[in-house]
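Participant: Chain residues, written in single-letter form:
Number of protein chains: 4
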Amino acid sequence: MIGVADAANFVALGLHALQHRGQEAGGIVTHDPEHGFSSARRFGLVRDNFTSQKIMETLPGAIGIGHVRYSTAGSKGATQIRDVQPFFGEFAMGGAAIAHNGNIVNADELRRELIERGSIFQSSSDSECIIHLMARSLQRNIPERMKDALRRVEGAFSVVAMTRTKLIGVRDPLGVRPLVLGRVGDGWALSSETCALDIIGAEFVREIEPGEMVVISPENGVESFKPFEPRRGRFCIFEHVYFSRPDSILGGRSVYDTRRQIGVELAREAPVEADLVCPVPDSGTPAAIGYSQESGIPYAMGIIRNQYMGRTFIEPTEQIRNMGVRLKLNVNRALIKGKRVILVDDSVVRGTTSRKIKEMILDAGAAEVHFRIASPPTAWPCFYGVDTPEREKLLAATMSEEEMRSHLGVASLRFITLDGLYRAVGVAEGRDPKTPRYCDACFSGDYPVKPTDMMARGFELAEPAE
Amino acid sequence: MIGVADAANFVALGLHALQHRGQEAGGIVTHDPEHGFSSARRFGLVRDNFTSQKIMETLPGAIGIGHVRYSTAGSKGATQIRDVQPFFGEFAMGGAAIAHNGNIVNADELRRELIERGSIFQSSSDSECIIHLMARSLQRNIPERMKDALRRVEGAFSVVAMTRTKLIGVRDPLGVRPLVLGRVGDGWALSSETCALDIIGAEFVREIEPGEMVVISPENGVESFKPFEPRRGRFCIFEHVYFSRPDSILGGRSVYDTRRQIGVELAREAPVEADLVCPVPDSGTPAAIGYSQESGIPYAMGIIRNQYMGRTFIEPTEQIRNMGVRLKLNVNRALIKGKRVILVDDSVVRGTTSRKIKEMILDAGAAEVHFRIASPPTAWPCFYGVDTPEREKLLAATMSEEEMRSHLGVASLRFITLDGLYRAVGVAEGRDPKTPRYCDACFSGDYPVKPTDMMARGFELAEPAE
Amino acid sequence: MIGVADAANFVALGLHALQHRGQEAGGIVTHDPEHGFSSARRFGLVRDNFTSQKIMETLPGAIGIGHVRYSTAGSKGATQIRDVQPFFGEFAMGGAAIAHNGNIVNADELRRELIERGSIFQSSSDSECIIHLMARSLQRNIPERMKDALRRVEGAFSVVAMTRTKLIGVRDPLGVRPLVLGRVGDGWALSSETCALDIIGAEFVREIEPGEMVVISPENGVESFKPFEPRRGRFCIFEHVYFSRPDSILGGRSVYDTRRQIGVELAREAPVEADLVCPVPDSGTPAAIGYSQESGIPYAMGIIRNQYMGRTFIEPTEQIRNMGVRLKLNVNRALIKGKRVILVDDSVVRGTTSRKIKEMILDAGAAEVHFRIASPPTAWPCFYGVDTPEREKLLAATMSEEEMRSHLGVASLRFITLDGLYRAVGVAEGRDPKTPRYCDACFSGDYPVKPTDMMARGFELAEPAE
Amino acid sequence: MIGVADAANFVALGLHALQHRGQEAGGIVTHDPEHGFSSARRFGLVRDNFTSQKIMETLPGAIGIGHVRYSTAGSKGATQIRDVQPFFGEFAMGGAAIAHNGNIVNADELRRELIERGSIFQSSSDSECIIHLMARSLQRNIPERMKDALRRVEGAFSVVAMTRTKLIGVRDPLGVRPLVLGRVGDGWALSSETCALDIIGAEFVREIEPGEMVVISPENGVESFKPFEPRRGRFCIFEHVYFSRPDSILGGRSVYDTRRQIGVELAREAPVEADLVCPVPDSGTPAAIGYSQESGIPYAMGIIRNQYMGRTFIEPTEQIRNMGVRLKLNVNRALIKGKRVILVDDSVVRGTTSRKIKEMILDAGAAEVHFRIASPPTAWPCFYGVDTPEREKLLAATMSEEEMRSHLGVASLRFITLDGLYRAVGVAEGRDPKTPRYCDACFSGDYPVKPTDMMARGFELAEPAE
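As you go down the protein sequences, you meet chains A, B, C and D in turn. Using this note's numbering, you'd call the opening residue of the first sequence number 1 and step up by one each time. Using this note's numbering, you'd call the opening residue of the second sequence number 1 and step up by one each time. Using this note's numbering, you'd call the opening residue of the third sequence number 1 and step up by one each time. Using this note's numbering, you'd call the opening residue of the fourth sequence number 1 and step up by one each time.
Careful, some of the hints might be misleading.
Because identical chains cannot be distinguished in the list, a pair is counted as satisfied if it fits within a single copy or across any two copies.
As the list claims (entries may be wrong) - Here are the simulated DSBU-like cross-link-like pairs (lysine-lysine), alpha carbons at most 30 Å apart as the crow flies:
hint: 1; residue 1: Lys356; residue 2: Lys54
hint: 2; residue 1: Lys337; residue 2: Lys226
hint: 3; residue 1: Lys328; residue 2: Lys54
hint: 4; residue 1: Lys434; residue 2: Lys337
hint: 5; residue 1: Lys450; residue 2: Lys54
hint: 6; residue 1: Lys166; residue 2: Lys147
hint: 7; residue 1: Lys358; residue 2: Lys337
hint: 8; residue 1: Lys54; residue 2: Lys226
hint: 9; residue 1: Lys166; residue 2: Lys434
hint: 10; residue 1: Lys339; residue 2: Lys328
hint: 11; residue 1: Lys356; residue 2: Lys450
hint: 12; residue 1: Lys434; residue 2: Lys226
Keep in mind that the hints were calculated from the coordinates and are not lab data.
Can you build the whole structure from these sequences, using the hints too?
Facilitator: Structure follows, in structure tokens:
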């Protein structure tokens, strides 16, 4: 955020809108000429921290950036407050703060090299490499140092940075993670999603392009650079399926509408006779609406979500611990009883939740349960910033679709095909395996950037044939 | 809860399921022979308090009751922890704890009398009268003292109480507030709604009847008494419209399905040409589904709710404070643009939120906005336990339907009729004004119990003609 | 405190000065015409609670009282916040708050009677009986109700109370516990000790007399009443020895000087050849100074107290737990080595600390250790408000002086005699066993008020012969 | 601490004993093979943090170091948790943590150079330079890197460091700050003072010498190195006067006894007729005892310190704020009245407290007040780790002794002479101005290490003549 009074307020609101991208912790850095750089980092939700007058007063200035943390690679043990971004570094020409969305696949190697040269890391976060690379760059200003640093970084990165006078945004050459530009009054905003622009009343200007760096200042407005070798973009298709908020706009279309369209495609690909189409709330809701509209089978809220559920409910006894998902979800027993139910969910990862939900539905007296999944089988881990379990823990990595159906114990189980998914996101001809338009590694095993560190730790890529 | 190991766990889970009935504070009392009565009362959500091993260990025993507080009558200033139920009293024959759902309309009078006789009140809660009346009863056991006390109480009350060995439940003679009985293993549960039975895996046995008292003990099971003059029941119709959870069962039917049916009736009573039917989330969702199904106009999530919104976000600047509902809701701009939108909400109370939502929708480029409200105009305050503003602040108390439409600035505004609402809850012939089956005072001004204290403070009943 | 702006500030300062009388918790009640009665009660030290602008702003008014809690009789388990005084009651003629210093010896009996009549106790504190007795009195104003109530109470009590317009102070007929009156500007203060008058800059006017009640208002100043049968006073001699602060004035003399004089008497009664007189800090310091001055043996700080020691240091391992007093005290090894040391302490209760201190001194290389104790052997528990262990745990209840010497393992052990103590507090002729001037039950077993409740629980008085 | 089970317990106890050297914050780092390095840093007292099982369990290992922070140079604004030592760095050959007691006088210059080379500072602490210098050293092991780093550092430093297997201690060439070695069981301890050895039951082995580095491991025991050019030591004389705890041993003698001896010298140099010798508690106590013993004037506790005073008491009103020291100290009015009082304090820095104490004493009715100060006039700031105000704020920098006496408004004021102080610490011939045995810059202005950074900021040394 740059060019507005009390930028920290705007940053806090934007982070609140992006809370779904990370709930563990959040941080904000601001700068104003009188107080220099100010910083606040806290565990927990934005609304529980960056709210009180008391904290916000410690963050003065017309320029600021922030970050919400979603634990991905990095910390083996518990996250410590020093792992929370933005990271700050004082350079000879002044300070800079950076916030990184994504994941660096050669971080082990970079860290080793930097330590050998005498850098001292303060966090367990891979993203800290970027600020050390910048500190060691021979370039004379911060945007140039940032280019220098990011050319050494492999992986997925949408980075937002700030100096005393400039706001900087960069997307990696493939544009795996999103980054958008907005305008509010005389100020400018950078954000992962458009829903953060909406909350601050900013107008959505455009997406930052893959491989683009923008340097924004009140004097010069938005200057665009292309510091990397040009490559064809590979945006993360999982942002459409799951990660982005349904009210954000990706590729010119509402994410909600894309998800509804996935439901439509799924109804075409995998129809079944039934009485009700019920979403697994809230993630399956848009696809269930689409499925119902395409199939003509009535949509119904067969499962109700407890809106007061947080992550802190600790079940005290064994007896209760086994209730599992019941704390979060309850079946609408009177509605479900005796019905053939199509359950629509966004994905099956480990399969444990799906299994429990199926049991709840059958306990409540449903006649049949049919699962319809709004994404292809998740068979490969993501190394670009989405937190997925190791390959062995992914149900689809070890079972065929029929084995999964039997494991989940449902009457039928169908996933949308990769081609169906591409059609739903607007690629009418489906996926071109030679030049796919998206990063779909979690479904296909086709990783557009080689996961160097993970391979060094023993991860094996799919056979080329696959 | 009685007759289960670690009753406090069951009570906590049940309160969590009932959190929508009160978010300000919660309390649990238990008893076991070794430690006697134990109590914990906390501000905030159940999941943030009654969770840690540390607190739950302080609540041993096979019998327990709890309460979640929703500030109604009583405290003028800030609630203090001593206002949080259950209330406890030590009597000559042993202690008892009570939790009261509802509101006492002659509490001022009772309190004055009790103080004159030398009782010392510890809270500002009207419900404390009950325990003092019990302390002063001449009867020799607690259930008899409770009958004695409740015969002096006017208003709406579903009361749950416990002694060292018994669980007691009572509904007032009109049965205004709900109370249900469940069975889990060898134990028994009393709860305001069936969703609390579901979460603990209890089987729904039956509703406690209006004017009934049940006394439950492991030895004698459920004993039923009728301590009051028999009257025809007047259950709160607003529980169907708004207060109860959609997955609870009232009168044999899922609340969700009743609300969907309200949408169906509303589509019949107030059709309009449009492109989309959108709920105001989450309260308008079931009625919007029903409206869409009856009208054939597609259902769509035009407004998205931020699931990380709590009540604690303090907007720090004037500029941001005015954003109001944007912190909680965002419009799906790409979806709404250029469309004629039917917005379905559950009620219009003050009208301020409705107005802001309409503005958001129009800002996002909607062509027309039509409001459809799943309840009749709320023109009278509730004195029986639902927190409503004073009469002057109710939009429908001062404006006609057309004035409200103009005030909200929408193309059309329609409320379901009182007859339509009765039909939706299953009274095929609509409302019989002579012997209405429900308490519908908030819509009709027809108060089944005279609000004594409020009338002493100047409240005027409607003319009989109305 | 009455008659000053922001009385709560004065009360907080006074409680801070009286912190040695109770560290567990503190409370303040104030009244002003606009806000009525306000109250704040907190666990922990005054300085950690009644300090912030935020809390003090909640306590407006020109009249207020407070209390610091020292757990005595009453709570069997952990103290709860509702046990913290002042206690408040709303009566038909307005509210009153009371704070009680001392202990009621017939509380069991009073509580039983009050519960039978329908009073509901909120705390486990015996002092709550007083406010219930007041609530049930037939008298028409609060001072009269208070007289009525206190005539039923047996034991030791200095009570401070407030109504909307009056400050009230009462001492029991024997005047066991202290209570003093001070004047600051146009206002009046009541306090247990004069050190609380000093801190608020108040002038010490006089002690409230045994059996006296004062009712203070801005209009009428100090009115004095004598509601009880006149009796000869028996002030607690232990206040001189241990309980009061050394800078307070009791009976016209500084407590410090009395304690120094005890040291002088002790040196006369129990001389010994040695190199150094060392106090056990800080309680033995004044007597050690007196002993040194009378004996001519140099005074030295052989034991140093860690001034950062609180009660919260939890030793984490067994190994360290055994270090015991070392966390609080350290020996000045270089000073003590090879010396014959006289250790002066105020009292020996259980003997455990004395034993550890002796070991520390010998470990550090002292040649001999001589204990001199500035009070007679503590052989009887106090039932009048000083927290002492049960009789069986008092070392002097089960051992002769020589047995104690041998148990502590020191070269010599001498206590001041009861006559010597009386001389030090100014009774030149020593103690008259027929009409002793002080309550010295902890030393003599001569209880001036029969401990009714404790006797019902099995406590046996000394034989009259003793 | 090295070579003991659960080293963190020992470190915590040691820090507790050293709490007088820094109360703002504390930190502990430990290492064990399984968990690697563990760290905890907290604001506040040791006893309030490093106590709970919960925190201590996070600090496993047989080797550990700690630090208590006393804000000296460095942070201009509020201290942040990242400013709290020990500092940790991961090097190619493994990690190291360091804790620094003292002050670096060329830190500005070092920091500038390190930033230019690409180091990123995380704190505002000068001490962080040491770990960055170590990170950039070309040496192949940590002790060598430490020598390398410390040779670039100017100023006063006693540094304790740890690697995975070694404990390291270093004193600067002048030995300005203390550092002692102890032995407990099979383990070794390093500490600023012997009182920290006492609390863990360790035996005092010897002082680390000026310019010495010891490297301690279970295998090789204590290895000694001399990495610096040999210089004649200049130990801080203020440690004797004020900084060290009275029960510590410095130069073979108890600090208490040295201070008592200062009082003796002061009585010889500056006698006066009076009735009582009273210490300003607690800092003036030992010197007052010495003064009394030498002069024969009785010692008395004329001023009583409130032992519950912390630094957190916030006086809420202007009226009360002016009471100042009264919250902490109270005069023993009954004792002081009409007496000629000699007040003994350890030092006069700004003079504000001395003035208030004098007023309290006169208010209480003292006939005369004579100040005797157990150190020479403090006329120069310390740049070697004692927190003193800027020169302009030191009373003795701007006033003669007679001007100070008049300013304080006392009958007489005398400081001990520098020669007298040297005699008291054991240099019978007094101070040799050519080769003084101590650093006495705060009294003499003779700085043994040029304060480079401060001179760059404008500080002027005394004329050589002085």
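Participant: Each hint needs a verdict: does it hold in this structure or not?
Facilitator: Okay, the hints, checked on the actual structure:
1. Proximity of Lys356 to Lys54 under the C-alpha cut-off of 30 Å is restricted to the inter-copy arrangement: shortest distance 29 Å between copies versus 44 Å within a copy.
2. With identical chains, the CA atoms of Lys337 and Lys226 are never at most 30 Å apart, being 59 Å at best within one copy and 34 Å at best between copies.
3. When the C-alpha separation of Lys328 and Lys54 is checked against a cutoff of 30 Å, the pair qualifies only between copies, where the shortest distance is 22 Å, while the shortest distance within a copy is 33 Å.
4. Neither within a single protomer nor between protomers do Lys434 and Lys337 lie at most 30 Å apart by alpha-carbon distance, with minima of 48 Å and 37 Å respectively.
5. Within a single copy, Lys450 and Lys54 get their C-alpha atoms no closer than 46 Å, and across copies no closer than 42 Å, so neither meets the 30 Å cut-off.
6. Taking CA atoms no more than 30 Å apart as the test, Lys166 paired with Lys147 passes inside one copy only; the shortest distance there is 15 Å, against 41 Å between copies.
7. For the identical chains of this complex, Lys358 and Lys337 are intra-copy neighbours only, at 14 Å inside a copy versus 38 Å across copies, given an alpha-carbon limit of 30 Å.
8. Proximity of Lys54 and Lys226 under a CA criterion of 30 Å is satisfied in neither setting, with 41 Å inside one chain copy and 51 Å between copies.
9. Taking CA atoms no more than 30 Å apart as the test, Lys166 paired with Lys434 passes in neither setting, with 40 Å inside one copy and 57 Å between copies.
10. In this assembly of identical chains, the alpha carbons of Lys339 and Lys328 lie at most 30 Å apart only when taken from the same copy (23 Å versus 35 Å across copies).
11. In the homo-oligomer, the alpha carbons of Lys356 and Lys450 never lie at most 30 Å apart, since the shortest distance is 36 Å inside one protomer and 49 Å across protomers.
12. In this assembly of identical chains, Lys434 and Lys226 lie within 30 Å of each other by CA distance solely inside one copy; the values are 25 Å within and 68 Å between copies.
When held up to the earlier numbered hints, the structure conflicts with 2, 4, 5, 8, 9 and 11 and fits the remainder.
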